[in-house]
Amino acid sequence: MATPLRIQIDLAGVVPAARQIADQLRARLVDGELAPGDRLPSVRRLAVDLGVHFNTVAGAYRALADEGWLDVSQGRHVRVIERATPSPTADTRARFRQGLRQVVADARAGGLSESFVARELAELAERFQS
Amino acid sequence: MTTDTLALAALAAAAGLLLHWLPRWRRQGLWFGVTVPVGFAETPVGRRALHRYRIALWTLTGLAVAGIAAARPIGRVWLVPAALLLQVLGASAAFAVVRRDVLAHAGPAPATRSAVLMATHEGLPGGPASVLVPLGLIAATAAYLRAMWLELPARIPVHWTLDGTADRWVDRTPLHVYGQLVVLAALAAFQLVLAELIIHRSPRGRVAGTEEWTTRFRRANLVLLVAGTWGVTAMICALSLLPLIAPGSAVTRLVWIVPLAFVATLVPFLWQVIRLTRDRASGSDGTPDACWKFGLIYVNRDDAAIFVEKRFGVGYTLNFGHPGLVWILVAGVLVVLVAHLVS
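Line by line, the protein sequences are chains F and U.
Per this note's numbering, residue 3 is the first one in the first sequence, and the count goes up by one each step.
Per this note's numbering, residue 6 is the first one in the second sequence, and the count goes up by one each step.
It is possible that some hints are incorrect.
What the hints assert, rightly or not - Quick partial rundown of chain F residues pointing at chain U, CB under 8 Å, derived from the structure:
id, residue
1, 7
2, 50
3, 56
4, 60
5, 114
6, 117
No lab work stands behind these hints, which were simulated from the structure alone.
Ideal Cβ positions, reconstructed from N, Cα and C, are used throughout, including at glycine.
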């Protein structure tokens, strides 16, 4: 039996729980682990399992629905929907570059070597191209 | 000493034994309701805590047995419930006091939370049979009593001593004959609703690394709850049919077997739950220590769960900080009201 897809958040971390949930879901949506038509747990179910307030999960789902990933309009059911890729703007590109620089700076500050960071970025780029 | 007094004293002793072991039936990352590292219970501090609790418990149990034994000779019958209440409340207080000391050794609560990302269906153990069996049994008993109405004595026994002698009777009226079956139906429905709520409103595996254990523990608890519902239903239905049997016959003399059989059939299911608590992979439950009042009552407004695992004893308890709790309490009060009205 396949291992069920899970989400993992750190309540002691500096990143708010709602943001962690949204980020992890987005990563899985981008990777295709969650495909259009897949049903996600209801707001209540996910909040009960994670031990957080309903609003925390509702906020994360709402953010992803605003981005076009999820349909949350059908009562308790949350469904992954087909998403039209938006045309990137100059601002999107600038934010991406800045975010990438920030990630690299954090990694270097954390003691990771230049070669390690470069290797990881190259691997990631290769995955995108394949 | 009468057989009733002996039975009550035995009950107090059995409760003492149960409470003796209760602190050990918990997740391995908890001790006296406090988040601790796995293995803490076997340290000198952990063992001392358990020792203190048990000294208090057996002192209270001794007092309870003495109270029960003295109640009839000194003409103070109220001493019996008071003694049993003292034992249970006293043990809970001892747990809370010992917990306060263990809190000084509390470890950090596990902050990494995990949840399944798939909408899955989980139902009651046994599927539709979990509901149909008890309700069908009650309906069949009511139908049989109706068919045998004229065979029922004008005065119906409703309570028996341990040797099977009836010592309390009521008139044969529809309310008295079917009343307890109505209460039983309400109770069975209430218990099955609780089981459904545990399925939908309790965590399926909150702390990362303990998901598999939590799944097994939840299922074992649900099986116990459904088995308990079936058992209570079978027991009350059997007792409802007793007035049809001639007083003093061999069957009525063996009436004590009915509750004993009920308890005996539940033991394997309870044992299954207890056995799971020995697993070191159980870790902690992911509820903050600060939200547990006296280690017994859970109050957390930021937790969406209505039911969470108990920290003193096996099973589930309510989150008293949940806004939806009021509906469960209303349903509980309704069941008590129905029981009161038809009794």
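Hints and how they fare:
Hint on residue 7/F holds. Least Cβ distance to chain U is approximately 4 Å, under the 8 Å limit. The restraint placing residue 50/F at the interface with chain U holds, with a minimum CB-CB distance near 5 Å, inside the 8 Å limit. About 5 Å separates the beta-carbon of residue 56/F from the nearest beta-carbon of chain U, less than 8 Å, and the hint is met. At a threshold of 8 Å, the smallest CB-CB gap from residue 60/F to chain U is about 10 Å, leaving the interface hint violated.
Hint status for residue 114/F: violated, given a least beta-carbon distance of 22 Å to chain U, over 8 Å. For residue 117/F, the suggested interface contact is broken, since its CB lies about 30 Å from the closest CB of chain U, more than 8 Å.
Hints 4, 5, 6 from the list above are not met by this structure, while the remaining hints are.
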